[in-house]
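Enquirer: Take a look at the letters that make up each chain.
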Amino acid sequence: MRTIRSLVQGLLCLIVVSLAAPAALAAPDDDGRALLEALDTDSYAAKGEAVTAIADSGHPQSRVWLEALLDGKLQRQEDGGRFVVVLANRGRHWPVRDALTDEDLGEMSRRDLDRIGINNALRGQLQNTLALLDLRAPAVSARREAARDLLGEVSPSMVEPLNGLVENEADDEVRRLLTQAIAIQRLERGDLEAVEALSGSLNTSVRSALSAAARSDDAALAEAATDALAGIEQKQKLNDGIQTLYFGLSLGSVLVLAAIGLAITFGVMGVINMAHGELIMLGAYTTWGMQQLLPGQPGLALLLSIPAGFLVAALAGIVIERSVIQFLKGRPLETLLATFGVSLILQQLVRTLISPLNRTVVSPEWMSGSLMINEGLSLTLNRLLVLGFALLVFAGLMLVMRRTRLGLEVRAVTQNRAMARSMGIRATRVDILTFALGSGVAGLAGVALSQLTNVGPNLGQNYIIDSFMVVVFGGVGNLWGTLVAGLSLGVINQVLEPWAGAVLAKILVLVFIILFIQKRPRGLFPQKGRAAEG
Amino acid sequence: MNLLKEMASRDRVFDFMAPARSPVDVRHGPILYLEDVSVSFDGFRAINDLNLTIDDGELRCIIGPNGAGKTTMMDIITGKTRPDHGSVWFGSRHDLLTMNEPQIASLGIGRKFQKPTVFEALTVFENLELAMAADKRIWPTLTARLSGEARDRIDEVLVTIGLTGHRDRPAGILSHGQKQWLEIGMLLMQRPRLLLVDEPVAGMTEQEMERTAELLTGLAGKQSVVVVEHDMGFVRSIARTVTVLHQGSVLAEGSMDQVSSDPRVVEVYLGTESDNTEDARC
Amino acid sequence: MLASRSWLSRPLRERSTQIFLGVLLAALAVFTLLNLIVPAGHPLHVSTYTVTLLGKYLSFALLAVALDLVWGYLGILSLGHGAFFALGGYAMGMYLMRQIGDRGVYGDPVLPDFMVFLDWDSLPWYWHGFDMAWFALLMVLLAPGLLALVFGFLAFRSRVTGVYLSIITQALTFALMLAFFRNEMGFGGNNGLTDFKELLGYDLRSDATRLGLFLASGLALALGYVLCRAIVASKLGRVSMACRDAEARTRFLGYRVERVQLFVFVVSAMLAGVAGALYVPQVGIINPGEFSPIFSIEVVLWVALGGRGTLYGAVIGALVVNYAKTVFTGVMPEAWLFALGGLFVVVTVLLPKGVAGLLASLRRRRDDDASETPAQGASS
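Protein chains in written order, with our numbering: chain W, 1 to 534; chain X, 1001 to 1282; chain A, 2001 to 2380.
Hints are not guaranteed to be accurate.
Covered, in the sense of this in silico footprint (three residues per stretch, anywhere, with C-beta under 8 Å from a C-beta of chain A), are these stretches of chain W [claimed, not checked]:
no.	stretch
1	326-333
2	460-472
3	494-507
4	510-517
Sample of chain W residues with no beta-carbon within 12 Å of chain A, all distances over it, derived [as the list claims (entries may be wrong)]:
no.	residue
5	R90
6	S109
7	L113
8	N203
9	I318
If you are wondering where the hints come from, they were derived from the structure by calculation, not from laboratory data.
Every residue gets a Cβ at the ideal spot worked out from N, C-alpha and C, and that includes glycine.
Whenever a hint applies, use it, and build me the whole structure from the sequences.
Expert: So, in structure tokens, the structure goes:
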């Protein structure tokens, strides 16, 4: 026991020492000091050259220096002392860091420091230099961002260095952005050819530059710019269409997730489970609970919630099946009422045990942010992941129903209970497992929903009617129908929303389904033939 | 037993069964006429170019193995299923494909289901009352009062089907055979021109079967009767003309003897008898 | 004419209806006397508050009877009967709003307060006519009746039945709730219609008016009960039960099932509308909450608890559940949803025929014991 502890301690010491060693052994940074010394001169021309030297040096601190210089925060201790970067210049004593080593030097009196001054010309040069500095950053994403920031911000003096950069740039996107940035500058000077380089871009700076050009006195330029703008407008419309489709599919994927479990219990077993929404709610609360257990690790908690949510909801489903539904075989309307009662109890249970208020579920980092398709169109990651998750769950269910023993038994029991029983299938067991499966999928829906909406006791209620609509619209007993119905209802809703408003769109969709059911009482994909007559 | 006596005196028993004056025009041939009828479910052809004619007053038995399309054919005649193509005429004036179930029913086509369906919550008497030929629109039904004459007629049918003792009992408590009888009684109350009877003796005892046979043969002549049945013994006991359906179309037609000696019938139908006991319970 | 009088008066000759009417009318009389004659402070005194509460229960009971007509006798489980109730209520509410006149907060002689608040300058077309009582009363019947007619026509014609029908009735009331929540609809949005002053010239806050409304609710329940009973006991009633138990068979007998369903459904919706119209002046408000699917499904519970297919059971169920709700939400509001949810489960699993069925089976057992005859499996 003791030996192990001393071994561990020894190892820890080793690690600490080896980490500290390079810093301690590093040679004094003479090159850096020379670069900074060059700045400490009264000649602005010399300072300008020094700035260029710093920018070209590739010194790790160079960016810090130049930014500080621009802000007047690069200073030197009186009488040729250390160069420091002032962190905050309020009051008499300023917190400072060593410019060379980035070491925290505590506070220094403002009277002990001398500012390295700049003039307007130097300020312009610094701004350009900083922009260009970012464009040389090793990370592509940093370069892209820098290039994007340059759009509409290019001064005439930058054109030349930028042209040089474009030639050496490896990344297409950065090159495209830089070309556009230069083109905007050229357009502002009335260069007709620049219009071509800008056409098709959705960037707001590009569009405002083109709009400005369209109002110019030069007729040819104005016409070219107007044409380019029209093209952009069209592209924007296409983008908006894709955006609507995306939101529609996202909403649809939520509907599919919420409804697919219902499609199993309702479609396959003929059981109307009004507590389905509350099983979704349980899944969402499982995610919340998991995050309470694992504070600080929302990603891990979310991943663990997927199996946990499934299990919690499936167990709840089994309890419901055993305690209520099994006594109501063949009485669908009574089942509907009883499970509605269960849903009330579950809701109130959550209100009493947890809280009547909404709980927040944290989104892990890899779910926030968005995927940029082009400048006018970016897809939020969480919705994209939920869409993928929904398809995955759907595929999984299809596999279970088509390829496993359970799926086969479920289909057998659905079609002819007595016959299946006489062939040795334990119908009761199949009922329990089917219901557990449907409920578990509701739990998965809850886990996904926790990433998109608030988690509260009413979460399930908001989805139950929609879910039923999806199942009925798609055709009972047909998983494909549920998928198509869910996605298309989501899209229809989003298409209607811009001109009808959210509430009216929802009403219209409901009315549409009510009318649709009149026309095709068995949904989009009905089961045909004598068996369906029931 | 009472019934058998009733049966013997035909002129008395059957006056209430005389067909109501029906608009059906049978001067120019058959009462029911199916031509080139086809229907498929999910690609499966349940009925395949079926041609069938039933003459006025005829008693026809239709037999065929499971899945031959017997029930589907009834569904088409009564308007429950619409064929993909073909034509179905009732007499020479009524195109049945343009009508819905209640219209077809009020034309005078009565149907007994394979599974006996009676209104279990209502009494036997009420079941017959509802079946009685009458003005079946909403308001007349709401304000309807039972006349003495109608009451007598119901009682007469009760005697015929042997359920007088169960007059005021809920139909739900009747035995299987009694339910079959009640359903036939309901058809009689409708005074149909054409009776479609699907498996009338399924689940009946020998005695009950005999009664049914006598009733059905007694009906023929005034009404046309189409019987679909699996039970060969029963078919043999009542049939004059037998039609054999196979895979949705007519395979053979003729007397029972003719049909049962037809080699094709032996092959598709009787051939299955040995290995499919459910098809032939004789 | 003679015939139609006879079908309507038929229930009055039934013993069960006579008992029901006797008990109901006696209760109305007793409560009225306890309110008017017994002085306040006496333990037997019934306050006007209680009278109004009872009046509310009675309007709920009428709604339950209406639902039982379609569920118990036609086999159609409507999860949207609250919509018809609320439409009747809104028709009444619109009349009451117009009666406020210039006594509103903004003092506009024509426009209700909420319209002034929304900066509307004229009355929407569908608000015209509601200043006349006869028109409003007509609308109390027509608005729900018309909705039921259109909805039922579409649904029954395409033979949507069973669970499907239940679910789309629920969607119907849900859609209406969302619609009425919108301010643009012109029905007061979220807040609904409230701040009523008088009805037919009587001050709504006076004790006499409140007692009058209680009695009106009781009489409406009595009339509604007799009407439903008359339908149920007619041949049409037996045809309804036939549709409920064997729809296809009924159709092959030559009945137009969808028309039977439509007729009964519309009658039921109109009764629900009347119930709503009586409810609104007693509680003093109507808002989109009455459209909520939960309310409609609660009504189903009243009927299920009382025993469906027995109209008096629906009345018992409505009174019992609502009384329990008043008590529970007063004493421990947390527990009400538990109790309600538990009631749903217990009634469906253990009491499928409700209280009425329980009473009937007890009576039958007593009879059987007395006569020593074996029990008939009369109901399966």
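Enquirer: Look at each hint and say if it fits the structure.
Expert: Status of the hints after comparison with the structure:
1. 326-333: With 5 residues close enough to chain A, the hint holds.
2. 460-472: holds (count 4)
3. 494-507: holds (count 4)
4. 510-517: holds (count 6)
5. R90: Given that every Cβ of chain A is farther than 12 Å from that of R90(W), nearest at about 50 Å, it holds.
6. S109: The claim holds: S109(W) sits with its nearest Cβ about 63 Å from chain A, beyond 12 Å.
7. L113: holds (63 Å)
8. N203: holds (38 Å)
9. I318: Consistent with the label, I318(W) stays out of reach of chain A, its closest Cβ about 16 Å off (over 12 Å).
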